[in-house]
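A.B. asks: Here is what each chain is made of, one letter per residue.
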Amino acid sequence: MQLHVSTGDGVPIYLQIAHQVKYLVASGRLAPGDEIPPIRVLAHQLLVNPNTVARAYLELEREGVVHKRHGSGTYISDTGSPLARKERLKILLERVDALLAEARHLHVEPLELLRFIKERSVAIQPKENK
Amino acid sequence: MNTSAAPHAVEITGLSRKFGSKLALNQVSLQVKRGRIFGLVGANGAGKTTLIKHVLGRLKPESGSVRVFGFDPVTDPVAVLGRIGYLSENRDLPAWMRVDELLRYTRAFYPKWDTAYAEDLRRQFGLDPRAKIKTLSRGENAKAGLLIALAYRPELLLLDEPSSGLDPVVRRDILEAIIRTVADEGRTVLFSSHLLEEVERVADDLAMMFNGQVVLAGALDDVKDNHHRLVFRFDSPQSSAPKVQGVLSITGADQEWTAICNGKREEAVTSAARACGRLVAEDSPSLDEIFVAWAGAKTE
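Protein chains in written order, with my numbering: chain R, 1 to 130; chain P, 1 to 300.
It cannot be assumed that every hint is accurate.
Taking lysine to any residue pairs in the SDA-like style, the calculated list, with each CA pair at most 25 Å apart, reads [to be verified]:
(1) K68/R with G70/P
(2) K33/P with R40/R
(3) K33/P with R55/R
(4) K33/P with P12/R
(5) K90/R with H228/P
(6) K68/R with R180/P
(7) K264/P with T7/R
(8) K264/P with L46/R
(9) K298/P with K68/R
(10) K53/P with G70/P
(11) K90/R with A281/P
(12) K33/P with L46/R
(13) K90/R with R265/P
(14) K90/R with S284/P
(15) K90/R with N226/P
Residues from chain P that face chain R, not an exhaustive set, calculated with beta carbons under 7 Å [said to hold, decoys possible]:
(16) L175
(17) D222
(18) K224
(19) A281
(20) D283
(21) S284
To be clear, the hints were calculated from the coordinates, so they are not data collected in a lab. Even for Gly, the Cβ is constructed at its ideal location relative to N, Cα and C.
Excised from the complex, chain R in its bound form (with noise of 0.2 Å):
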């Protein structure tokens, strides 16, 4: 599991790990099923407080992305995010808006942008069903 944490924007570190996690899993990198790395390995591959990666763990866990076994490790969970989807679609919401802004700005027309949209999610699919 590859991540990536920086500390100049502002977004909490353990946000930035839960989300990270979240764009494996969605992006088919991640499979349910798959065991993440323990806290203490990915605190030391991150070079990040295990406190943190703690945190983030929990966040997952809280909605349902991941789950413990007992006195083993941290899975991906295999029925998805049991997230109400109109909170999902909130998540969303946010970042559509930013992006329209932005593509507004590099005068992008929004149907334009919507058949990129499309060809990045026929890109980004995962290769096997599984």
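Model the placement of chain P on the given structure of chain R, informed by the hints.
C.D. replies: Relative to chain R, chain P alone:
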């Protein structure tokens, strides 16, 4: 050595210190909890090193008190220094010794010295046992200093500006050592730094010092949660910084101004509204921005 029941690794209460007429420490109080990584941040001359010298018992408090695991570093140096692994900013190692001599020499002072661990670290840090200290590069010198601070597994690892002037590879070794000290063995780390990027990565708790005072202290998560960056757009261009209540700093030009506030978000938004400014964006500032905002607020 008797074990200590003190709840905190370091407890400083109302510590003040003058150098001539300059107040180097002004009523400093802070607690370093056991098993956590504590980052002490501040510009050069803010008082970080003076504070650390009090923890080591090299300076005697003029007023206030310092306790390390419940012991007074001035009257009980054996109890305190036997528990601290210290890396100074200057890393004053004996230049004429070889690396293996330095290890043997230091080992003699510490009954708990772990020879196997020291050897592991030496190999991991790529230090040639037969190299003279004076021929080591700056980075190797720092690693040798770190090695002897770690090898007796001190209860408190105390690092004064450990990364200062080092390349990223060595800085990485130092951060790893900090994380491992806490993660694997539940010991405590106190380190000072002006590299806020590092503090944000590894610290559980932090204190910001400015002109000898602690201006902000707390858990890093709380500090991050409580500070907001608010972008206001005013109806008309402002020729000077608009007066907004409850903010630490405000910068910008014309109609758009960015404020950093600590907790008082509602107050700031209401106050800006009275000056015909509306909130157009909001997010979390980086630790760097928080620090600059506090430094600015204290200078005014």
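A.B. asks: Next, verify each hint and record whether it holds.
C.D. replies: Cross-check of the supplied hints:
1. K68/R with G70/P: Roughly 39 Å separates the two Cα atoms, so the pair is violated.
2. K33/P with R40/R: 20 Å, holds
3. K33/P with R55/R: 19 Å, holds
4. K33/P with P12/R: Since the Cα atoms of K33/P and P12/R sit roughly 22 Å apart, the hinted pair holds (cutoff 25 Å).
5. K90/R with H228/P: Satisfied, since the Cα-Cα distance of roughly 21 Å is no more than 25 Å.
6. K68/R with R180/P: Judged against 25 Å, a Cα distance of about 23 Å means the pair holds.
7. K264/P with T7/R: 24 Å, holds
8. K264/P with L46/R: 33 Å, violated
9. K298/P with K68/R: Not OK: K298/P and K68/R at ~46 Å, beyond 25 Å, violated.
10. K53/P with G70/P: 17 Å, holds
11. K90/R with A281/P: Within the cut-off at roughly 17 Å; holds.
12. K33/P with L46/R: 24 Å, holds
13. K90/R with R265/P: Holds: K90/R and R265/P sit about 23 Å apart, inside 25 Å.
14. K90/R with S284/P: 19 Å, holds
15. K90/R with N226/P: 23 Å, holds
16. L175: 5 Å, holds
17. D222: Cβ of D222/P sits 11 Å from chain R, so the hint is violated.
18. K224: 5 Å, holds
19. A281: 10 Å, violated
20. D283: 6 Å, holds
21. S284: 4 Å, holds
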